[in-house]
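Protein chains in written order, with the UniProt record's numbering: chain U, 1 to 648; chain Y, 1 to 224.
Hints in this document: simulated from the structure, not taken from any laboratory. Note that the Cβ used here is the ideal one computed from N, Cα and C, for glycine as well. Any given hint could turn out to be false.
Computed list of lysine-lysine pairs in DSSO-like fashion (alpha-carbon distance at most 27 Å, straight line) [claimed, not checked]: (1) Lys-140(U) to Lys-40(Y); (2) Lys-74(Y) to Lys-140(U); (3) Lys-475(U) to Lys-557(U); (4) Lys-122(U) to Lys-71(Y); (5) Lys-140(U) to Lys-71(Y); (6) Lys-44(Y) to Lys-49(U); (7) Lys-584(U) to Lys-561(U); (8) Lys-543(U) to Lys-555(U); (9) Lys-516(U) to Lys-473(U).
Residues from chain U that face chain Y, not an exhaustive set, calculated with beta carbons under 8 Å [said to hold, decoys possible]: (10) Glu-487; (11) Leu-582; (12) Lys-584.
Have a look at the derived ranges for each label pair, beta carbon to beta carbon [as the list claims (entries may be wrong)]: (13) Glu-149(Y) to Asp-53(U): 49 to 59 Å; (14) Asn-42(Y) to Glu-147(U): 52 to 62 Å; (15) Asp-18(U) to Lys-153(Y): 38 to 48 Å; (16) Leu-111(U) to Lys-40(Y): 51 to 61 Å; (17) Lys-161(Y) to His-71(U): 39 to 49 Å; (18) Lys-516(U) to Glu-149(Y): 54 to 64 Å; (19) Ser-57(U) to Lys-40(Y): 13 to 23 Å; (20) Lys-161(Y) to Ile-610(U): 36 to 46 Å; (21) Leu-92(U) to Ser-175(Y): 51 to 61 Å.
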Amino acid sequence: MTDTMFGSENEQWVCPNDRQLMLRAKLHTGWSIHTFQSERQRKAQALEKRELDLIMSVIHRAEQLELIEQHRIGRLVERLDNMRSSAMGNGLSQCLLCGEVFGLLGSSSVLCLDCCMKVCTKCGIETTAGGQKRTQWLCKICSEQREVWKRSGAWFYKALPKHIRPIKDSILDNRKPVIERGEQLPVARSAPISYTWAQSRVYLSESDGSDAELSECSSDRKTFASETNQRRDSESSGGQVQTPQSSFTSPTRGNVHIESPSSLVSEQSSSSSFNPGLEDEVIDHSRTLLTPPALSRAGSLRSSSTSQKSEGPQADANRDEDDLDQAFGATALVASKKEEEPDVEGYDSDDSTTLGTLDFSLLYDQENNALHCTINKAKLPVPRYKKGLKPMDHNGLSDPYVKLHLLPGASKANKLRTKTLRNTLNPVWSETLTYYGITDEDMVRKTLRISVCDEDKFRHNEFIGETRIPLKKLKPNQTKNFSNCLEKQLPIDKTDDKSLEERGRIMISLKYSSQKSGLVVGIIRCAHLAAMDANGFSDPYVKTYLKPDENKKSKHKTAVKKKTLNPEFNEEFFYEIKYADLSKKTLEVTVWDYDIGKSNDFIGGVSLGINASGERLKHWFDCLKNKDKKIERWHTLTNELPGSGYND
Amino acid sequence: MFSSSSTMTDGDYDYLIKLLALGDSGVGKTTFLYRYTDNKFNPKFITTVGIDFREKRVVYTTNSPNGTTGKTFKVHLQLWDTAGQERFRSLTTAFFRDAMGFLLMFDLTSQQSFLNVRNWMSQLQANAYCENPDIVLVGNKADLADQREVQEKQAKELADKYGIPYFETSAATGSEVDKAVVTLLDLVMKRMEQCVEKPSADANTSDGSSKLSAAPAQQKKCAC
């Protein structure tokens, strides 16, 4: 023990353990002589020289006892090795030690508990544990091994301590050199012996894996100090291993808990997205027998992007449709009259039907805040008010397409458009256009306007007719079919239009995280942004502020999404703020159009806070009320710039 | 069961067992160990400087289940004596790790030393080789009946709480001194047997006296 502490010169240097460092600190030797202590502390703790000498003499006395002990252990190990080397049998058909053959005519054999080898009853030792009536046998080697383990203190240090083995030629004159030479030998020899015992112990402690690991780990050490230090380190490292496991388990559970609702929401979203398509497909199939579903789906896919002009085969299909319509002309006329609504403006029935009819269906998906508009077909007459003039086209036909707007607040932001069909007065679009971010409030307040126009390559597009549907007529999650007469264009209420122009929609998620002590703002996506570029698109990105903000540190920006009016950002920003202070704050979200070389264009903005109103105030309150809960809402972007003096 | 012999400086022994005495300053640790090793009493109080140890060779006899005398072993005891003063605390606790058993001592004529037993238990759990080492609680100076401040009932309740044996000793008269050390040695030897022969339970229930001391040992974990 103490010999290793103040190791002799012949020994291999070992990093001192905690106890040695502690002892050196008290004795003012070793590394600790220069530790930082105030002068007063050092004087109070310093030992007098007389006290130091007394302690050193005690340690010296302990070293002498330790040396005697090392010699004694060396003799034990030597004796055990001799027994092992003198074993003659194979331990299976012969006695492990004396080599006597077993069998019917031979002596009876017993199985050693430790090494599972067979020995005769003379070479085995019967051990009877107090609590057990059944006798256990140990071969003499294993029995001696156990004795060495006990007597050397290895049971306490968990490894065979340092020892000095005897030299065969004991010459008294050379005693000191022999001892010095002997000190080097244990380093090489003790490891295999300990390892052998560790193997045996692994078998004994088969059920306790960690204990076996400690034993194996201990057996690798060669010096006493390392063994003592290793035991302490094993215990502490064992604790450290357990602590990360527990801390690792906790976030795992948290993640699982967080992910489960997200997965459910995602599944619901995907399943809900699938159902409307299926319904639309059924409707399309029932109405347009000649149109394949693939073409209809292709039309739906193109609904969000710019319309593309139809191809030749499309026109051929429409001509076939034209023949069928002529055959059922009388039936269509009767149906059209039945669905006629009271004429407010005093036109006679003939005039109201002369603008044509439009077949379409509407479905409001309340869960996803989506309004699906399926434009099926129309029947357009030759315009009579131009009877005296030259027809619009050479063949007297039109190139019709359909535009959708949400009133009030009609602007480029909420305009949707079908593709243009060429040279037909009976177009069949079979196309579904979808508005996203439609809340229940919008369904009560908004009106859908459907306009049929004639596209002209070289001149301004001509208006054919329109129809308007108040959205409150629709029931959520229920498809409603319409076959309306087209009417003249009604004047737009410009006063309402100018007050707050809509610039699109944005989906924002809010969550106050108690764990992080801050607000997590998620910018999910935008829909129907206003087009700010000449190409009919924008390059939008979103900025968020948490006001009041003295140092403008609360500014966050999303990535720029190129050439789209319906970007998906899916980005989260974190604001570190106390919960008590959150109610005094206002979250400002602005959407900008990124331009290279020019100043960026402001598309729209929205504010959430105590001063907000409507859906925004509700969202803010829900966030304050429900901690640690993620709340997603759609909000309308307006052209009002939150705050003043903002430039990107 | 135990017989003492003169201390020899050779390696002619079977086991080297290291025990350590700890407790407040002045409770009688050095005098107790001197009584045990040399069977003499020194009434003069000399403060121990840091650390010291005494040695004693004893004969330990195991108890066989059938009641006959078991094997005898020569045990060399290294009895470490620590200073109870605060200024030596960090020095003495460094030696706790190498001790196989502990004599936790307090003074029956000093209530404060008894109250500090809890603090010493904390030091042991923090610095010993494992969290539940073998400990024997010793209330010393039992001969000073007129100055007694700690009642036997109090001390026994504390010992039962920790699950350790309790002895009231007197270094002056030598009363119960040997018994306290022998009990601690018994606990250490039993733990050694359990460590080496871990698969088989070492429940020695035939002897009544060993059953009493073995019961607390069974509650403790194995050091291996």
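Between Glu-149(Y) and Asp-53(U), is the Cβ distance one that fits in 49 to 59 Å? 37 Å, violated
Has the hinted range 51 to 61 Å been met by the Cβ atoms of Leu-111(U) and Lys-40(Y)? At roughly 54 Å between Cβ atoms, Lys-40(Y) and Leu-111(U) fall inside 51 to 61 Å, so the hint holds.
Does Lys-584(U) pass the interface hint, meaning its C-beta sits closer than 8 Å to a C-beta of chain Y? It is violated, given that the least Cβ distance between Lys-584(U) and chain Y is near 49 Å, above 8 Å.
Could you check the hint for me, namely that Lys-516(U) and Glu-149(Y) are 54 to 64 Å apart, CB to CB? 56 Å, holds
Checking one constraint from the list: CA of Lys-516(U) to CA of Lys-473(U), max 27 Å. Satisfied? It is violated: about 45 Å lies between the C-alpha atoms, which goes past 27 Å.
Holds or violated: are the alpha carbons of Lys-140(U) and Lys-71(Y) at most 27 Å from each other? 17 Å, holds
Is 39 to 49 Å respected by the C-beta to C-beta distance linking Lys-161(Y) and His-71(U)? 43 Å, holds
Range hint 36 to 46 Å (beta carbons of Lys-161(Y) and Ile-610(U)) holds or violated: The hinted range 36 to 46 Å is violated for Lys-161(Y) and Ile-610(U), with Cβ atoms some 59 Å apart.
Holds or violated: is the Cβ of Leu-582(U) closer than 8 Å to a Cβ in chain Y? Given a least distance of 45 Å, the restraint on Leu-582(U) is violated.
Checking one constraint from the list: CA of Lys-543(U) to CA of Lys-555(U), max 27 Å. Satisfied? Satisfied, since the Cα-Cα distance of roughly 7 Å is no more than 27 Å.
Is it true that the CA of Lys-140(U) sits at most 27 Å from the CA of Lys-40(Y)? 44 Å, violated
Hint check for Lys-40(Y) and Ser-57(U) - Cβ pair distance inside 13 to 23 Å: Hint holds: Cβ distance 21 Å, inside 13 to 23 Å.
Taken one by one, the earlier hints fail for this structure at numbers 1, 3, 7, 9, 10, 11, 12, 13, 14 and 20, listed in ascending order.
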